[in-house]
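**Student:** One letter stands for each residue in the lines below.
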Amino acid sequence: MKLIKSLVPAVLVTASSYASAHFLVVHTPEMLVERSTDFEMSIVFTHAFAGGPTMEMGEIEDFYAMQTKLGADEMTRIELSEYLTEVQWHAGDETRTAYTAVIPRATMRSLGDYQVVVNPEPYYEAEEDIYIQQITKVILNVGGAPTNWDQTLGLATEIRPLNKPYANWEDGVFRGIVLSSGEPVPFAEIEVEYLNYQPDFENLRFDEDAELEAPTPAHEYVSLRTDANGTFSIGLPEEGWWGIAALGVGPVTEHNGKELSQDAVLWVQAKESD
Amino acid sequence: MRFVFTIAALLLSMPILAHSPLFDCYDNGDGTATCEGAFSDGSAAVGVGIRIELASGRILMQGEMDDASSYSFEMPDEEYSVYFEAGEGHEIVLFGDDIY
Numbered sequence: 001m002k003l004i005k006s007l008v009p010a011v012l013v014t015a016s017s018y019a020s021a022h023f024l025v026v027h028t029p030e031m032l033v034e035r036s037t038d039f040e041m042s043i044v045f046t047h048a049f050a051g052g053p054t055m056e057m058g059e060i061e062d063f064y065a066m067q068t069k070l071g072a073d074e075m076t077r078i079e080l081s082e083y084l085t086e087v088q089w090h091a092g093d094e095t096r097t098a099y100t101a102v103i104p105r106a107t108m109r110s111l112g113d114y115q116v117v118v119n120p121e122p123y124y125e126a127e128e129d130i131y132i133q134q135i136t137k138v139i140l141n142v143g144g145a146p147t148n149w150d151q152t153l154g155l156a157t158e159i160r161p162l163n164k165p166y167a168n169w170e171d172g173v174f175r176g177i178v179l180s181s182g183e184p185v186p187f188a189e190i191e192v193e194y195l196n197y198q199p200d201f202e203n204l205r206f207d208e209d210a211e212l213e214a215p216t217p218a219h220e221y222v223s224l225r226t227d228a229n230g231t232f233s234i235g236l237p238e239e240g241w242w243g244i245a246a247l248g249v250g251p252v253t254e255h256n257g258k259e260l261s262q263d264a265v266l267w268v269q270a271k272e273s274d
Numbered sequence: 001m002r003f004v005f006t007i008a009a010l011l012l013s014m015p016i017l018a019h020s021p022l023f024d025c026y027d028n029g030d031g032t033a034t035c036e037g038a039f040s041d042g043s044a045a046v047g048v049g050i051r052i053e054l055a056s057g058r059i060l061m062q063g064e065m066d067d068a069s070s071y072s073f074e075m076p077d078e079e080y081s082v083y084f085e086a087g088e089g090h091e092i093v094l095f096g097d098d099i100y
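Chains as they are written, first to last, in the working numbering: chain L, 1 to 274; chain A, 1 to 100.
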């Protein structure tokens with residue numbers, strides 16, 4: 001009985017970490033490519049560190065990239081929805097609706113930044129009886145020429161990076177500002193998770209082997225808050241992809257008569273030295 | 001006077017030397033290729049020289065990057081290279097076979 005009692009808190013901690021640590025994974029092998037290529041993207045709503053549970057996705061309302069061409073002052077919107085494919089992503093013995101996309105080289109081949117935005121329809125989280133909508137940015141770069149990574153896109157909510165998200169060293173520091181309707185959000189709740197299981201684009205599953213082992217379930221995500229100016233700083237202690245989610249910061253707070261957590265998500269990649 | 005001139009030349013060259021040149025070309029699929037150049041701080045390479053040179057050493061074309069920091073040309077049938085002339089020690093060469 002003593003053993004069972006001691007197990008209960010662990011189970012509760014694990015369950016609560018699953019409930020709050022959702023991440024819309026929008027992944028391609030490298031954020032920065034030296035020469036343009038077809039970008040193979042996996043879009044999966046899951047728990048990034050634990051590699052699951054993976055959630056069923058609904059429609060993707062917007063999927064596009066904002067490009068600033070060399071020598072240009074304004075951004076150009078590149079629609080990407082036509083490249084989406086709905087897939088069944090393996091999650092244990094079951095599958096969940098997710099998406100992949102192969103963005104042809106010709107679509108994003110010019111030197112510079114491409115701020116890719118994925119805006120999914122709200123997901124109903126029965127466990128918490130709320131909807132979650134994670135408006136997610138991944139900033140890709142071709143050739144190493146920075147053109148717009150530090151610009152805001154006017155999203156309902158977004159994380160404005162203060163470091164290039166695609167050119168970080170392992171053990172470096174990453175900073176950003178959480179914005180809602182274009183305004184900084186003071187003391188916003190942020191969760192940071194390491195993408196611990198690599199997405200397998202070909203086989204529609206996450207790799208079986210984890211990159212890291214968390215000392216306790218509480219270490220699966222790092223919690224912090226923005227400061228009074230809406231800014232935050234995080235460390236990047238491991239090579240790979242790091243997800244940053246600002247929770248419930250968006251201006252829309254209700255969906256279908258229930259609470260909506262409209263989150264801003266930004267992915268960051270750190271590389272180790274060769 | 002010569003000292004002052006040397007300092008001025010060094011200062012003038014610093015903004016470019018401090019940032020690496022970046023360059024790539026792609027095949028447009030219609031017999032032409034487009035090249036783009038920039039610097040690692042994101043600045044465009046407008047006006048930077050570019051030349052297309054055959055394997056024999058003969059210069060086939062010579063020009064400058066336009067306002068969009070690009071340069072388009074008809075791809076020759078024979079072996080060639082593209083040179084992005086971003087300053088002494090900063091020239092980038094791309095072989096025609098690597099343009100796709």
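It is worth saying that the hints were derived from the structure and are not from the lab.
Note that the coordinates shown come from a computational prediction; the quantities given were computed from them, not determined experimentally.
Using N, Cα and C, we set each Cβ at its ideal position, and we do this for glycine too.
Wrong hints could be hidden among the right ones.
[Unchecked claim] Chain A side only, calculated, beta carbon under 8 Å to chain L, not exhaustive: (1) Thr32; (2) Gly47; (3) Leu60; (4) Glu64; (5) Ser69.
[As the list claims (entries may be wrong)] Calculated from the model, a selection of chain L residues having no Cβ within reach of chain A, i.e. all distances over 10 Å: (6) Ser36; (7) Leu70; (8) Thr97; (9) Gly144; (10) Leu162; (11) Ser233; (12) Glu239.
[To be verified] So the derived label-pair ranges between C-beta atoms look like this: (13) Tyr100(A) <-> Glu239(L): 41 to 51 Å; (14) Ser273(L) <-> Glu78(A): 39 to 49 Å; (15) Glu59(L) <-> Asn28(A): 32 to 42 Å; (16) Ala72(L) <-> Glu79(A): 46 to 56 Å; (17) His90(A) <-> Asp150(L): 40 to 50 Å.
**Student:** If a hint holds in the structure, say so; if it doesn't, say that too.
**Tutor:** Hint check:
1. Here the hint on Thr32(A) is broken, as its CB sits about 14 Å from the closest CB of chain L, past 8 Å.
2. The criterion of a C-beta within 8 Å of any C-beta in chain L is not met by Gly47(A), whose closest approach is roughly 11 Å, and the hint is violated.
3. The beta carbon of Leu60(A) is not positioned within 8 Å of any beta carbon in chain L (closest approach about 23 Å), and the interface hint is therefore violated.
4. A cut of 8 Å between beta carbons decides the hint on Glu64(A): the least distance to chain L is about 13 Å, and the hint is violated.
5. Hint on Ser69(A) holds. Least Cβ distance to chain L is approximately 4 Å, under the 8 Å limit.
6. Residue-level check failed: Ser36(L) sits 7 Å from the nearest beta carbon of chain A, not beyond 10 Å.
7. Look at Leu70(L): its CB is around 4 Å from the nearest CB on chain A, not clear of 10 Å, so calling it non-interface is violated.
8. Look at Thr97(L): its CB is around 35 Å from the nearest CB on chain A, clear of 10 Å, so calling it non-interface holds up.
9. With 10 Å as the threshold on Cβ separation, the claim that Gly144(L) sits away from chain A is violated: the shortest Cβ distance comes to roughly 5 Å.
10. Against chain A, the non-interface label of Leu162(L) holds: every CB pair exceeds 10 Å, the least being about 16 Å.
11. Residue placement check: Ser233(L) keeps its beta carbon more than 10 Å from all beta carbons of chain A (closest about 23 Å).
12. For Glu239(L), the requirement that its beta carbon stay farther than 10 Å from each beta carbon of chain A is met, with the minimum near 22 Å.
13. Judged by the Cβ atoms, the range 41 to 51 Å given for Tyr100(A) and Glu239(L) is violated: they are separated by roughly 30 Å.
14. Between Ser273(L) and Glu78(A) the CB atoms are about 41 Å apart, so this pair conforms to the stated range of 39 to 49 Å.
15. At about 35 Å, the beta-carbon gap between Glu59(L) and Asn28(A) stays in the expected band of 32 to 42 Å.
16. Between Ala72(L) and Glu79(A), the C-beta spacing of about 34 Å breaks the proposed range 46 to 56 Å.
17. Taken as a hint, the range 40 to 50 Å is violated for the pair His90(A) and Asp150(L), whose Cβ atoms sit roughly 25 Å apart.
Of the numbered hints given earlier, the model fails hints 1, 2, 3, 4, 6, 7, 9, 13, 16, 17; all others are met.
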